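Q: Chains as they are written, first to last, in numbering that gives the first Met the number 0: chain A, 0 to 232; chain B, 0 to 180.
Keep in mind that a hint or two might mislead.
Cβ pair distances, simulated, as ranges [unchecked claim]:
(1) B:R176 x A:S140: 30 to 36 Å
(2) B:H156 x A:R112: 35 to 41 Å
(3) B:E132 x A:R189: 47 to 53 Å
(4) B:D151 x A:Q64: 38 to 44 Å
(5) B:F100 x A:E71: 33 to 39 Å
(6) B:P140 x A:S75: 52 to 58 Å
Capping the alpha-carbon separation at 20 Å, the derived lysine to aspartate or glutamate pairs in EDC-like fashion look like this [said to hold, decoys possible]:
(7) A:K215 x B:E29
(8) B:K137 x A:E198
(9) B:K137 x A:E187
(10) A:K215 x A:E156
(11) A:K215 x A:D55
(12) A:K215 x A:E187
(13) B:K137 x B:E22
(14) B:K24 x B:D146
(15) B:K102 x B:D169
(16) B:K102 x B:E121
(17) B:K137 x B:D158
(18) B:K137 x A:D170
These are calculated hints, taken from the structure and not from any lab test. In this text the structure is predicted, and so the values were computed from the model without any measurement. Glycine is no exception: its CB is placed at the ideal position from the N, C-alpha and C atoms.
If you want the building blocks of each chain, they are given just below.
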Amino acid sequence: MTQLQARGVVKAYGRTPALRGVTLDVAEGEIVAVTGPSGCGKSTLLHCMAGILRPDAGEVTWRDQRIDLLSEGARSRLRRTEFGVLFQFGQLVAELTAAENVALPLLLAGTGRREARTAALNWLEWLGVADVADTRPGEMSGGQQQRCATARALVTEPRVLFADEPTGALDTLTGEQVLTTLVRLAREQRTSIVLVTHEPRIAAYADREVVLRDGKIDQTGLGLDVSLAGGQR
Amino acid sequence: MAGVSTPHVLLGLLATGSKHGYELKRAHDERLPRARPLAFGQVYATLGRLHRDGLVATAGHDRDGGPERTAFALTGDGRAALDRWLSTIEPPMPYVTSTLFAKVVVALLVADVDRARSYLIEQRRAHTARLRELTAVKTDPSASLDDLLAADFAVAHLDADLRWLHTTLDRVADWHREVHS
């Protein structure tokens, strides 16, 4: 069942067009890879679908609700509850420990301190970094930081995870471990994932790949729609 | 890339302890999953040659409810041959030989740009489908480390092929113009 839809989304930065009418559906539990060369608009599409950017034209719908029409505050709430966002560099708060970073979205949403810490520790353990729970980002490896950022993106148990080059700063093995974790999560909890990447190897983790070129979905045959056997669509 | 040296692989498997032909075949399939299938006949023929050359020796016979089976063990010469093989560095791609590469070049020579591009796109589709199959192996919670190593190897090579196919797609028009000018 389609949960998230972009319909004819247009976005420009000044006079520079980034998206020229992109339509994309994401089903519950589906992992969609958005690929394409640098500057093709894939990150802009992710930002529009996650409610971070408002499109200039077109619609973004989440469970029949037009999120492009919501106020900044309402979109921000949506990102704290239904959506999780993960970037190439974890963007952890340097002054906070790993557990405090992961608990932060829950605390902002009004969860009690003890409950938030318990949830944070559970997610850190699930991602294999419980041992750095009381460590600050500056003392962690890049892989540990990204796993903490992944835990922070998942701690609110979002229905959609938006991941923009989530393994770009990691070595191959660590990156694969993070991706494998995300795929298992999508399968077990039916979390949808919108995964932006320029690497075929990373896109192969998705159920479906959409190729953007010059702000449009590529229709030349490079845009594949290959369902993974056993994938949940 | 040179073919796999089955005699050396079998010597390596025997280095962990003596085995019958059947056990060797099973150990091969377990340790090298997704390798080209190794026929029983090939195992026994290779063992025969290794025995003739003194690299393996018989290590007893048994009859476990069926025909008599001969176990083989590595000899000192066999261990030395194995060590030599393991310490010999493989030449990294001494020749650019690949059916994929040759076919793309020929497609560009004999076809127009659109046809060559169509071929590249279809090949990319097949590569991507295989890449996804192997990636699914890697994310399967029941995958063994043997499965992961084999899938890692294949994924890395498919990924390299895909990058090359992408680059070539972008070069098709220029290349065709140069060849046919």
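Q: Can you list which hints this structure breaks, lowest number first?
A: 1, 2, 3, 5, 6, 7, 10, 12, 13
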